[in-house]
Amino acid sequence: VPAYFNDSQRQATKDAGAIAGLNVLRIINEPTAAALAYGLDKYLRGEKNVLIFDLGGGTFDVSVLTIDEGSMFEVRSTAGD
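First residue of the sequence shown: 3, per the working numbering; consecutive thereafter.
No wet-lab data here; the hints were simulated from the structure.
As the structure is a computational prediction, the values presented were derived from the model and not from experiment.
Backbone N, C-alpha and C define an ideal beta-carbon position, used for all residues, glycine too.
Do not rely on the hints blindly, as some may be mistaken.
[Unchecked claim] Listed next, with one range per pair, are the computed distances between beta-carbon atoms:
1) 61 x 40: 17 to 23 Å
2) 76 x 15: 21 to 27 Å
3) 76 x 12: 15 to 21 Å
4) 52 x 83: 29 to 35 Å
5) 78 x 7: 34 to 40 Å
6) 16 x 70: 27 to 33 Å
[Said to hold, decoys possible] No more than 20 Å apart at the CA atoms, straight line, and that leaves these computed lysine to any residue pairs for SDA-like:
7) 16 x 4
8) 16 x 35
9) 16 x 30
10) 50 x 16
11) 16 x 40
12) 50 x 78
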């Protein structure tokens, strides 16, 4: 979802998924999703801190993540407008 979504918008997205018959486990922000898609096939040595930004048509979203050797992702912060 866009990083600027508030709690009610996130809940509405989850509800829409449930209505569509999906088992929604988690909602993540767009820049976080981009980082996951990018990093899933990468082999990293050690722990890396990364900044991912999503410059859209009318928005600018960023996420800061820590990725370790085991491809574990920890979202440190995310924001957008």
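Query raised in the report: Keeping to a limit of 20 Å between CA atoms, is the pair of residue 16 and residue 35 held or broken?
Result: holds, 16 Å
Query raised in the report: Is the straight-line distance between the alpha-carbon of residue 16 and that of residue 4 20 Å or less?
Result: It holds: about 14 Å lies between the C-alpha atoms, which stays within 20 Å.
Query raised in the report: Could one say that the CB atoms of residue 16 and residue 70 fall in the range 27 to 33 Å?
Result: holds, 28 Å
Query raised in the report: Should the hint that residue 76 and residue 12 are 15 to 21 Å apart at their CB atoms be regarded as holding?
Result: Because 20 Å falls inside the window, the suggested range holds.
Query - Range hint compliance [Cβ, residue 52 to residue 83, 29 to 35 Å] - result: violated, 21 Å
Requested in this report: Would you mind confirming whether the straight-line C-alpha gap from residue 16 to residue 40 stays at or under 20 Å?
Outcome: Violated: residue 16 and residue 40 sit about 24 Å apart, past 20 Å.
Query - Beta-carbon spacing of residue 78 to residue 7 - inside the hinted bounds 34 to 40 Å or not - result: violated, 19 Å
Report task. Given the hint that residue 50 pairs with residue 78, test it: the Cα-Cα distance must not exceed 20 Å. Result -> Distance of about 12 Å is within 20 Å: holds.
Query - residue 76 paired with residue 15, Cβ distance criterion 21 to 27 Å - result: Check passed, 22 Å falls within 21 to 27 Å.
Report task. Starting from residue 50, check that the Cα of residue 16 is at most 20 Å away, please. Result -> violated, 31 Å
Query raised in the report: Is it true that residue 61 and residue 40 lie within 17 to 23 Å of each other by Cβ?
Result: holds, 19 Å
Requested in this report: For the pair we were handed, residue 16 and residue 30, check the Cα-Cα distance against 20 Å.
Outcome: Roughly 11 Å separates the two Cα atoms, so the pair holds.
In summary, the numbered hints that this structure violates are 4, 5, 10 and 11.
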